[in-house]
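A.B. asks: Chain by chain, the residues:
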Amino acid sequence: MTASSTRAGRPHAAWALPGVLFFSVFAVAPMVLAFYLSFTEWNGLGDPRPVGLANWQRLLDDPRLTQSLWLTALLTVTSWAFQTVVSLLLGVWAAGRQRNRAVLSAIFFVPFLLSSTAIALLFFALLDPNFGIIQQDTLGSSSGAFLAIVFVGGWQFIPFHTLLYQGGARQIPEVLHQAAAIDGAGRYRRFFSITLPQLRNTMATSGVLMVVGSLTYFETVLILTQGGPGTDTAILPYLMYEAGFKSYDFGYASAVASFLVATATGLSLLLVRMTGFGAMRSTREGM
Amino acid sequence: MGSTTSSEGGRTFSRRWVLGAGATTLLTTGVTACGSGGGSGSGGDTLTALVYGDDAVKVQEKAVARFNGSAAAKSAKGTVKLQKVPGTEYPAKLRTAMGSPNAPDVLFNWGGGSIKAYREADQLVDLTDTIKGDPVLKDGFLPSVLAAGGLDGRNYGIPMRGMQPVILFYNKSVFTEHKLQPPTTWDQLLDINAKLKKAGITPFALGGSDIWPELMWLEYLVDRIGGPEVFERIKNGDASGWGDPAVLKAAQYVRDLIDDGAFGKGFSSVSYVNGGAPAVFAQGKAAMHLMGSWEYSTQLGKFPEFAKNNLGWAAFPEIEGGSGDVRNVVGNPTNYWSVNARTRNKDAAIAFLKDCASEAYAKDLVANGDIPTTSNAAGLLDAAPNPEFARFQYEMVEQAPAFTLSWDQAVDPSVQTPMLTEINKLFVGQSTPSRFVSALQGLR
Numbered sequence: 001m002t003a004s005s006t007r008a009g010r011p012h013a014a015w016a017l018p019g020v021l022f023f024s025v026f027a028v029a030p031m032v033l034a035f036y037l038s039f040t041e042w043n044g045l046g047d048p049r050p051v052g053l054a055n056w057q058r059l060l061d062d063p064r065l066t067q068s069l070w071l072t073a074l075l076t077v078t079s080w081a082f083q084t085v086v087s088l089l090l091g092v093w094a095a096g097r098q099r100n101r102a103v104l105s106a107i108f109f110v111p112f113l114l115s116s117t118a119i120a121l122l123f124f125a126l127l128d129p130n131f132g133i134i135q136q137d138t139l140g141s142s143s144g145a146f147l148a149i150v151f152v153g154g155w156q157f158i159p160f161h162t163l164l165y166q167g168g169a170r171q172i173p174e175v176l177h178q179a180a181a182i183d184g185a186g187r188y189r190r191f192f193s194i195t196l197p198q199l200r201n202t203m204a205t206s207g208v209l210m211v212v213g214s215l216t217y218f219e220t221v222l223i224l225t226q227g228g229p230g231t232d233t234a235i236l237p238y239l240m241y242e243a244g245f246k247s248y249d250f251g252y253a254s255a256v257a258s259f260l261v262a263t264a265t266g267l268s269l270l271l272v273r274m275t276g277f278g279a280m281r282s283t284r285e286g287m
Numbered sequence: 001m002g003s004t005t006s007s008e009g010g011r012t013f014s015r016r017w018v019l020g021a022g023a024t025t026l027l028t029t030g031v032t033a034c035g036s037g038g039g040s041g042s043g044g045d046t047l048t049a050l051v052y053g054d055d056a057v058k059v060q061e062k063a064v065a066r067f068n069g070s071a072a073a074k075s076a077k078g079t080v081k082l083q084k085v086p087g088t089e090y091p092a093k094l095r096t097a098m099g100s101p102n103a104p105d106v107l108f109n110w111g112g113g114s115i116k117a118y119r120e121a122d123q124l125v126d127l128t129d130t131i132k133g134d135p136v137l138k139d140g141f142l143p144s145v146l147a148a149g150g151l152d153g154r155n156y157g158i159p160m161r162g163m164q165p166v167i168l169f170y171n172k173s174v175f176t177e178h179k180l181q182p183p184t185t186w187d188q189l190l191d192i193n194a195k196l197k198k199a200g201i202t203p204f205a206l207g208g209s210d211i212w213p214e215l216m217w218l219e220y221l222v223d224r225i226g227g228p229e230v231f232e233r234i235k236n237g238d239a240s241g242w243g244d245p246a247v248l249k250a251a252q253y254v255r256d257l258i259d260d261g262a263f264g265k266g267f268s269s270v271s272y273v274n275g276g277a278p279a280v281f282a283q284g285k286a287a288m289h290l291m292g293s294w295e296y297s298t299q300l301g302k303f304p305e306f307a308k309n310n311l312g313w314a315a316f317p318e319i320e321g322g323s324g325d326v327r328n329v330v331g332n333p334t335n336y337w338s339v340n341a342r343t344r345n346k347d348a349a350i351a352f353l354k355d356c357a358s359e360a361y362a363k364d365l366v367a368n369g370d371i372p373t374t375s376n377a378a379g380l381l382d383a384a385p386n387p388e389f390a391r392f393q394y395e396m397v398e399q400a401p402a403f404t405l406s407w408d409q410a411v412d413p414s415v416q417t418p419m420l421t422e423i424n425k426l427f428v429g430q431s432t433p434s435r436f437v438s439a440l441q442g443l444r
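The listed protein sequences correspond, in order, to chains W and D. Counted the way the UniProt record's numbering counts, the first sequence spans residues 1 to 287. Counted the way the UniProt record's numbering counts, the second sequence spans residues 1 to 444.
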């Protein structure tokens, strides 16, 4: 440790330089450029032509934006409900100490380690109406395609959230359960009166991650449905991809991208505030 | 708190950064997709040729080797280096490369709408006069194929791969079993459908989740009902051309087929690319398959027994009262080489393109299972893996009064995606034929 850093009582600011540099070059600069491009018309050839607010005007008039916002909201809520219920139950169960649970937990975790692309390709094959496990036109119907996306997303991310809940549940002091048991509380009573309230912060953490994750959901939609049938699963990130890399309309795609940045940032700030996620309050008050 | 929000924030942005950065880095650095472009300087220029990197690229590799050692290369003082780009990434890579300082000198494309933006940006050499003034190029290729790669009657490309007409394939054993003949008229087709359905067989395999196999139906129907002029108008940027009665009628025919169960129930969840539709067809669950000529090699790879013994082929049937010639063909006439207007050695580039008209080049294509679009190809077809199928294809294209380029390749990329979406809506029943027409008329 150098003299200067000890004097300040904390690491020197220069240590942050590489991080800040990478962050600026690979994150901030492209974002600023995308924002700039949203005020231009550009097909990838020649120079971008400034068009003022035209792309933004078009974005706000685009019926597909309304549809995709609604879809994104629906996807977020449905995924959150599905993933939270399943991973909470699995996590609390897996928090037990028996040997087989540890092994099973490890197996549960496997889907999270696979790439989204591989998972989407796998489920696409499984959903084939002629050779798959469900021989119906699942991806050809609006509700079927939507539920397939929710399910595949859940299948991939539930293991991760299960792990969070398992960790959270293991942190709950055993004495609480013991005291309640002496008072005559049964299994269900203890779950609703002790486990659930004690997992408040875990739920907030996992909830924020789920919401933010659904906003940026992309590969599964690209491979499973390509936004279809029709435009029934065309969520915001897919809309952006289509405008940019299929229609070569980079100005409009940048407007969608900037809109997505603003929405996601706003939403996660709101969530942080509402859930007290950042407050780091102790769950053990009064203990 | 600080650390918690920033790590969570990082998660928030990562996806957008990757995609957003993709778009913006084009502007800043012009991603060097094509590596070292320009010439090395020593004893002539090294030209870069950007090509779609699939199995057929072997033919172009041989052409490059042949050209680089030839007298033509010496007199033009240039050699060619091939830059292969894998599969579906090709159009996006080409767009990136052409916007950068390291643009390729010669570029692979699909003609039509796929080169429109480049033409408008003055990035392509107009080859019309070169072709007219050069006997090798002028008489070297089938006229319908040469014309299909151009825009507004001007040529910007030289044919360089096999032809890919869309063909009505059928399962011979299913047809024999039910005593059927491949349809030559629409009424016959409907009659066959009814018989097949009674027997519990889906009449047509369709990879609807890819959408472009659905497009093939509309392409042929519009051509048979209204003739090739209908799409020709649309291709040249006249969106009101979608209002032609032939488009509405074709859409109604499609709707009737679907309501009639011609494609089975789950066609929207079936893909061509992952092998779903070819498997349904090869296993006799579906009796016919409207598909590009590559269906033959697909089946040969996946179900060789079926491809050799039971795969039959026919032209798309005639429609009574329609004004389109029954000999007309849709599909991909072929692929083309175009020359970048900024190339440092135009003479060498054109000298290289002339190799595509040579007999050696055509022979390489035939050996690879492709049907060349050169006028002398007929004599080489006996060497093809399946001469009978090769000759059928060649004659089909040679005798075609018109060869309409696949719509998704012919229109502007900005129209392509919404067009495919509308077609998908029509097939899944989210749209009606009349709403389909008015939605397409609204595309710009």
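If you're looking for bench data, these hints aren't it; they were derived computationally from the structure. This one's a predicted model, so the numbers in the text were calculated from it and none came from an experiment. Certain hints may be false.
[Said to hold, decoys possible] Computed cross-link-like contacts, SDA-like style, restricted to lysine to any residue with a CA-CA straight-line distance of at most 25 Å:
1. D/Lys138 <-> D/Asn386
2. W/Lys246 <-> D/Glu120
3. D/Lys425 <-> W/Phe245
4. D/Lys84 <-> W/Leu209
[What the hints assert, rightly or not] Short, incomplete list of chain W residues facing chain D, as computed with Cβ under 10 Å:
5. Asp128
6. Gln135
7. Ala145
Just so it is clear, CB atoms sit at the ideal spot from N, CA and C, and this is done for glycine as well.
A.B. asks: Given the hinted pair lysine 84 of chain D and leucine 209 of chain W, is their alpha-carbon gap at most 25 Å?
C.D. replies: violated (40 Å)
A.B. asks: Holds or violated: the hint that aspartate 128 of chain W contacts chain D, with Cβ atoms closer than 10 Å.
C.D. replies: holds (5 Å)
A.B. asks: Checking one constraint from the list: CA of lysine 246 of chain W to CA of glutamate 120 of chain D, max 25 Å. Satisfied?
C.D. replies: Judged against 25 Å, a Cα distance of about 18 Å means the pair holds.
A.B. asks: Can the restraint linking lysine 138 of chain D and asparagine 386 of chain D be considered satisfied, given a maximum Cα separation of 25 Å?
C.D. replies: With Cα atoms ~29 Å apart, lysine 138 of chain D and asparagine 386 of chain D exceed 25 Å; violated.
A.B. asks: For the pair supplied as a hint, lysine 425 of chain D and phenylalanine 245 of chain W, is the alpha-carbon distance within the 25 Å limit?
C.D. replies: Holds, at roughly 21 Å.
A.B. asks: Should the hint that alanine 145 of chain W touches chain D count as held when the rule is a Cβ pair under 10 Å?
C.D. replies: At 9 Å from the nearest chain D Cβ, alanine 145 of chain W passes the 10 Å test, so the hint holds.
A.B. asks: Glutamine 135 of chain W was flagged as interface toward chain D. Is the shortest Cβ-Cβ separation under 10 Å?
C.D. replies: holds (7 Å)
Checked against the numbered hints above, the structure violates hints 1, 4; every other hint is satisfied.
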